[in-house]
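One letter stands for each residue in the lines below.
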Amino acid sequence: MAVSFGVILPSQSQIVRGEVFTLSYYQQALDPLFLKILARSLLLALSTTVACILIGYPAAYYIAFKGGRYKNLLLLLFILPLWVTFLLRGYALLTLLGPEGVLNSILLNLGLIREPLYMIYNEFAVLQGMVYGYLPFMILPLYASLEKVRKIYIEASRVMGASSLKAFWKITLPLSRPGLVAGSLLTFIPAAGEFIIPSFLGGPSEVYIGTMIYSAFISARNWNWGAALSMVYIVMILVGVLLYMKYSREELRI
Amino acid sequence: MRRLGDLALKVYVALVLAVLYIPLFAMAAASFNHGRSLLRWEGLSLEWYLRALTNDRILTALLNSFWVASAVSLLAVGLALLAAISVDKLSSRIRTSLHNIFYLSIIVPEIAEALTLAVFFISVNAPLGSATVVLGHLVWFPLVYVVLRARMAGLPPTYEEAARVLGASGFRTFFHVTLPLLGPGIVTGGLLIFTWSWDSFIKTQFTRGPGFETLPVYIWNAVGGRGRGLSPEVNAVATLSIIVSIVLAVLYSRYRSRL
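Residue numbers (the numbering used here), protein chains in the order written: chain E, 1 to 254; chain D, 1 to 259.
Excised from the complex, chain E in its bound form:
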C-alpha cells in the first residue's frame, strides 16, 4: 500500500508512459465540467449520509432499547446484507425495479398498469439505491453507541421532569455522537466514490467521480487521468474527514 501510494503521488504517473512530470491532468481536473461532477458526487454522498441517518436512527434506537429478546436476531438481520457484495445488491435492485423487473411484472399481472414503469435510470433511483446499500453501515455503529447509553441517565432526566423528547434531545442524542460520526464516515467516504450503484440505476447523465475513475481506467485506458482523479478524490476525502473530525471533536478510532 505504501509503495503504491508512493507511485501514485507523482500521480500524473508519467512513470507509466515515461513522460515528464506534468500537472496538466490536474489542470483538466479544474475544468468546470469536472468540478460539477465532483460537486454532484459530494452532494450524492451527503444526501445518502443524511438519509441513512434519518432512516437508520429510529431502527438502531429500536434494536438498542426495545429489541428485548429479539435483539440479537435483529442485529444479525442488519449485519447480513453487509456480507453481500454491492454488485449483487445493485443487480438485485435492478431485478426488482427495472423495466423488466419483478415489481413491474407484478403490477402488470394485476392489471394496475398497462406499460412497464420506468422507476430507474434517474438521479432519485441512484439515491434510493445508495441508501439501500449504505443503510446497514449507518445502523450498526449507531446501534453500537446507543447500546452503551446507560438507561439510568435517561431515567434520571425523566424523574427530574424532562419530557421524553427533551431527554432524547439532551441525553440520548449527544451520547450517540460517536456512532453518528463513525456511521457518517463509513457512509460518506465510499459513497462519494461509489461506482456500482450509479452504473446500475443511473441514467446516462448520472456521472459521478467513481464512474469517471472507472471509465477513465477501464474504458478509455487513460491511466494518468484516472490517477489524477483518484488523487483528487483521496485528498478531498482526507480533508473532509479531518474537518469533520475537528468539527465533531471525535478522534479517529478504528
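Just so you know, not all the hints are guaranteed correct.
Unchecked claim - Here are the simulated DSSO-like pairs of lysine-lysine, each with C-alpha atoms no more than 27 Å apart in a straight line:
| id | chain 1 | residue 1 | chain 2 | residue 2 |
| --- | --- | --- | --- | --- |
| 1 | E | K151 | D | K89 |
| 2 | D | K10 | E | K170 |
| 3 | D | K89 | E | K148 |
| 4 | D | K10 | E | K66 |
| 5 | D | K10 | E | K166 |
| 6 | E | K71 | D | K10 |
| 7 | E | K148 | E | K166 |
| 8 | E | K166 | E | K151 |
| 9 | E | K36 | E | K166 |
| 10 | E | K151 | E | K170 |
| 11 | E | K148 | E | K66 |
| 12 | E | K71 | E | K170 |
Just so you know, these hints were derived from the structure itself, not from any lab.
Assemble chain D onto chain E, guided by the hints.
Okay, now just chain D, sitting in the frame of chain E:
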C-alpha cells in the same frame, strides 16, 4: 400513547428490514422462474441453475473466485501472523505509523485503491493476470492483522512464559502455545478476508488480465452497465454467491463469539 409509539417503531423496523431484503428475495425468486423473461411467471424450475452450472465460462469464474479467495486468505493469514507477532519488537513510534499505514488500506475507498494498484503493477511492468489479482487482494491483509491483534490483546503472556520456563524452544512455544491460542482469531480474520476477496469486483476488474474472470467480474460483464438487461443465469449464480456469503457470515459470527 407510549404503547402506540413502540408499535409504530416496531412496524417501522419491519419495513426497513423488508426494504433491505425484498430485492434479494426478488432476485432469488426470479432465478427459479422457468421462463427467460421476468415479466411472466412460468412455473418453478431449476433450469437456470442447471444452465449456469454447465456453462464453462461461469464454472471457470466460480473456480477462479474460489481459488483466489483461498490463496488470498492463506497468504494474508501468514502475513498478518508474522506482522502481529513481530510488531511488538518495534519501537512504539514505528509501530504507530505502521498501524496508520495498515488502517489506510481498510479505509481508502476500493476504487481509489484499485486504480493505485493497477498503476503500480503497470509501472513495474508486472503482467496483469491472476497473480496481480491475488496480490491486489492481499493488500487487505490488515483486516486479519486487526483481528489477530485484538485476540492477542486479550491473552495474558503467562502461557508463553510458562512454556519457555518449562524449556520449550521459541519455535515450539509458537507452534504449541501461541498458534493454538490465536486459533479463533486466525479463523475469524481468514473468513473476513475470504469474503472480501470473494466479493471483490472493482479491485479485481482493475488488476486482472484479459480473459481472467472471477464470479463478480463475470456477473458484471454479463449484466453490468446501463441498460444491459437481466439474465436468468446471472440470477442463479448470484443467488448461489449470496448463499456462500451467508454461510461465511454465519461461520464468522460463530467464531467471533469465541474471540
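Right, here's what the structure says about each hint:
no.: 1; hint: K151/E - K89/D; result: violated (43 Å)
no.: 2; hint: K10/D - K170/E; result: holds (24 Å)
no.: 3; hint: K89/D - K148/E; result: violated (35 Å)
no.: 4; hint: K10/D - K66/E; result: holds (9 Å)
no.: 5; hint: K10/D - K166/E; result: holds (22 Å)
no.: 6; hint: K71/E - K10/D; result: holds (12 Å)
no.: 7; hint: K148/E - K166/E; result: holds (19 Å)
no.: 8; hint: K166/E - K151/E; result: holds (15 Å)
no.: 9; hint: K36/E - K166/E; result: violated (41 Å)
no.: 10; hint: K151/E - K170/E; result: holds (13 Å)
no.: 11; hint: K148/E - K66/E; result: holds (14 Å)
no.: 12; hint: K71/E - K170/E; result: holds (25 Å)
Checked against the numbered hints listed earlier, the structure breaks hints 1, 3 and 9; every other hint is satisfied.
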